[in-house]
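Let the sequences and hints guide you as you build the complete structure.
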Amino acid sequence: MPVHFAAAHGTLSSIWLLVAIPLASAAILLLFGRFTERWGHLLGVASVLASFILGLIYFFSLRGLSSPYRAASLNLFDFIPVGGLKVQFGLLYDPLSAIFVLLITGVGFLIHLYAVGYMSHDEGRRRFFGYFNLFVAAMLLLVLGNNYVITFVGWEGVGLASYLLISFWYDRPAAATAGKKAFIMNRVGDAGFVTAIFLMFATFGSVNFADVFNGVASHGAGQTTILILGLLLLLGACGKSGQFPLQAWLPDAMEGPTPVSALIHAATMVTAGVYLIARSNPLFTANLTLQTVVVAVGAFTLLFGSIIGGAKDDIKRVLAWSTVSQIGYMFLGVGLGGAAYALALIHLLAHGFFKAGLFLGAGSVMHSMKDRTDIRRFGGLWRYMPITWATFGLGYLSIIGIPPLSGFFSKDPIIESAFNRAGWTGWLFGSAALLGAGLTAFYMTRLFVLTFHGPKRWTEDIEHPHESPAVMTIPLVLLAVGSIAAGALFVYSPFNVKDWLRPVFNNPAAEGHEHIGQWWATGMTFVVVLIGLAIGLLLFRRGTAPQEQPAGPVVAAARANLFGDMFNETVFEKPGLYLTRALVYLDNRGIDGLVNGLAALVGGSSGRLRRTQTGFVRSYALSMLGGALLIVAAMLAVALG
Amino acid sequence: MTIAQDALQLPHLNYGALAPMLILFGAAAVGVLIEAFVPRRSRYALQLVLGLGALVAALIVVITESGTRELTAGAAIALDGPALFLQGSLAALGIVALLLIAERTLEPGGPFVAAAAVTAGTEEDRTQAAREDAGTEVYPLLLFALGGMMLFVSANDLLTMFVALEVFSLPLYLMCGLARRRRLLSQESAMKYFLLGSFASAFFLFGIAMLYGFSGQISFAGIHSAIQTSTQSTTLLYIGLALVALGLLFKAAAAPFHVWIPDVYQGAPTPITAFMSACTKVAAFGALIRVLYVAFQGTDWDFRPVIGAIAVLTMLVGSILSVTQTDIKRLLAYSSIANAGYILVGVLGLSKDGLSSTLFYLVTYGFTVIAAFGVVTLVRDADGEATHLSRWAGLGRRSPLYAGLFTFLMLAFAGIPLTSGFTGKFAVFAAAIGGGQSWLVVFGVVSSMILAFPYLRVVVMMWLSEPGESTPTVSIPGALTSATLAIGGLATLVLGVVPAPLLDLTNHAAQFIR
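Chains as they are written, first to last, in this note's numbering: chain A, 1 to 641; chain B, 1 to 514.
Hints are computed from structural coordinates only; laboratory data are not their basis. Model, not experiment: these values are computed from the prediction. Some clues are possibly wrong.
Chain B side only, calculated, beta carbon under 8 Å to chain A, not exhaustive [what the hints assert, rightly or not]:
hint : residue
1    : 203
2    : 205
3    : 238
4    : 257
5    : 260
6    : 302
7    : 305
8    : 323
A virtual CB, placed ideally from N, CA and C, is assigned to each residue, including glycine.
As structure tokens, then:
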């Protein structure tokens, strides 16, 4: 059945407002400068709230449409009309975009609210909210575009906002470096995305979602082309989502203010890669090798992240590696295809809630601990900050998958689907996902216990940690409620995501290889999680040494990010440097020689020609006469000759 | 003695459509009366208000008449899409140039001499140089010139065109000689322009005679039908075509008839240079496209290679010679020559696209070049404008705002995307490729690359050199110059970012009537 998106009408014809409101707010905050100092942050919060309310209205209008027609495509104007390439500035609001819009604006609103308190002492708060709104606008554009170019515009927009926000405290060298690292590694991914867009245009003559998907469905491209296209898109997705081999920037991105980590580097932007693959599902489903690659990337990254997460001592870095690992689960899900697409998105939504809650909780801890992030110097905080403790605890139980919290409903089915993949790879990826669940339980227990329980190991300057103000705790509570309820809501209620997304992923029943049953999978997972939890509890119940201890090879490797940075350095940076040097040499000797020669030629002729400009009218008149004779002669020669 | 009424029928005049020209000529005549009867100290304000009012009124009338497509005044004047578009452009560019001309805060009395007839270098001249007031003859002259240009672009026969040519040329010769400072240079440039201009007019007139000899007609439609039907030898036709084209290419600053440009641009008062580089180009190309598209349609194969060769020569001469220029006004003059070449490339598309891209280029270039000369008027020291390039070193440190604006304009000249320069070049080159003239585009691109060097050299000098002892300060412009710079800079930006509305307009206008 060809893909077709109905044109927007009625309420849905104003979906552009979703992007326009935060964008206008960002423009006001960034352009009007000091005039907005006093009320700028309120405007920032209000604009995201407005988008959220609009998002809800649009959501229910979309529900009101009958299922096969649940989509609204809106072409605003011709963006790039050049020759055969016609790119429209068009938006597409369908079930997939709808849930992303709600996630971005809903969680985004809570985090904006939290940031009002968190950034209240920062001089750059107005600038911060300007960038934050810019981010929300760009992210909404990313998920609302109806073709790959608009998605890419949003994609670059969130990249820019992320870069600005990571290095928000640009006077700190670590923040500036982290911003640069994020920027460069994302460029690698973006190069893949852009090349994919070029290839799409060359193959299908269009970059619209509908045209590309119909082109794939009608065999408009060979299997090899589809594979290459998919791999290029995957490269882009890996860059944005911090998946192997482009994972190294994400943990460093934690140098930005904590609300940034929560919103951008945990809840929304890093899921853009998952969105891209889910959006391109007709393309990814069309090639089995491609799906295997995605699954492998996901499975590898989820283990990679959870191993490193267990060895880190910085509260935000542990959470960052946990994000890398959880997005690995989502990649696993979208790679499995079929019904697992919806599972990955359920996990994405649930993760949006609990990970944002965890990050904001970490921010709350840092707020009272004078911006310390070392969990070896925390401990016993549960008594001083009960709300943070409770909400963080719920997020923690949710991420490791304790029933009936959301992580249980979202992660277990992915593990089960992984086991049920056809052939021996099902066992391989299933086991990886299962092992990952155990590791997650371990490192999250370690993080939770070291932070909130056990003996106090505070640095000397901290006397009375205190709970954060209400403007920060209210979002924490709301997000905690989300992490309790989201799972059941998204899986079992009338709002369940599987049915909702059926128009997007229109081939839900492609199973048939049942290696293990649902109860087996759930039971095994639960046991493994409990083992991880128990090990974590036993090892760290009494606290830990305040300094780094000598460790075996595995822990040492994990502390060194499993040599990811070293890998980048030897494989990319060093050869890159040598290549650059070689090119500079070649450039100086070869190309510059040629260019200088040409320049000398031009300069020389210029100097000689200049002498004809004598300043005498008589010689000017002579040259005109000569010209006239030449023209007449030439004209007669051409015409009559 | 009686004359039979039906033997002398008065031609029908569409006054509404002719109104822009009538307004300008009328206002110019009133301006002359003001010069004669109003006391000296009140003249400036009166002339400025009169000039601006007339130009704005003309622009409004052109806009209200924009749907007109007809021949009037006994088919001597064609008011069609291109004519109205060009008249509107002339009025708009004229307003911007007038603002620059009327600036008086940069130096006491403004850039124009108080009494132009005083011999330069005498004692009397020194006393008048210190006078606070200045002559205001330039305003009626400007209006006459603009009125003549409007007539020039809508003339539908060769004689009307010749009359219009003289009507706008004579005021220009005079205005070039009105500089307050460096008067000898200014007068010399006026003299050179006059002599060479008369020379070119003579060729033009001779060409008219040849064409009349071939076709027995002076109207473009008549020449066109004679080309289709005449059985005579075509020698006269081609000689006539060559000579008429020469007269127009002279005004348009195409090589090898560009020789006057650098000297005149340098010598003339800078606001007048700005006016000439924008409006004279519009007028000259407006007439050239009418002649080539209306009268000589059907002889494409014959004139295309010859005029193409001229375009290539123009682009190469302009770009190569600008490399070694050391004076900013001369550099802009050579750049203007090279730009004439680019416009010719668009003209030689010989299609609707060629026509509309040419119209588009003329407008975008006009705004950018006026703003660029506007910045030149700001960089000055005790002796007036400091135009030697070495004096511009380190200007970015002294005055980042104006150096930034000038950098932007230079990038626009170099054709960097997101400036109108890029859109314009893209349009003319695309039209030429559409018309099968890829060889012209090859030369166009090569010449653009060469030309980027002098532009970027200015940018590098302004930003990367330390300000020296001799770096002049940048004067704070008055409201009028500020308006010029703002309009020019904004137009350059806006037409680069959202060119679609103007492109639609030129597409809509790109249809001659015969």
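These are the hints, each one checked on the structure:
1. 203: 6 Å, holds
2. 205: 13 Å, violated
3. 238: The hint holds - residue 238 of chain B has a Cβ within 8 Å of chain A, the shortest such distance being about 5 Å.
4. 257: Given a least distance of 5 Å, the restraint on residue 257 of chain B holds.
5. 260: Where the cut-off is 8 Å and the nearest Cβ of chain A is about 6 Å from residue 260 of chain B, the hint holds.
6. 302: Holds: closest Cβ of chain A sits about 4 Å from residue 302 of chain B, inside 8 Å.
7. 305: 6 Å, holds
8. 323: 4 Å, holds
In this structure, only the earlier hint numbered 2 is contradicted, and the remaining ones agree with it.
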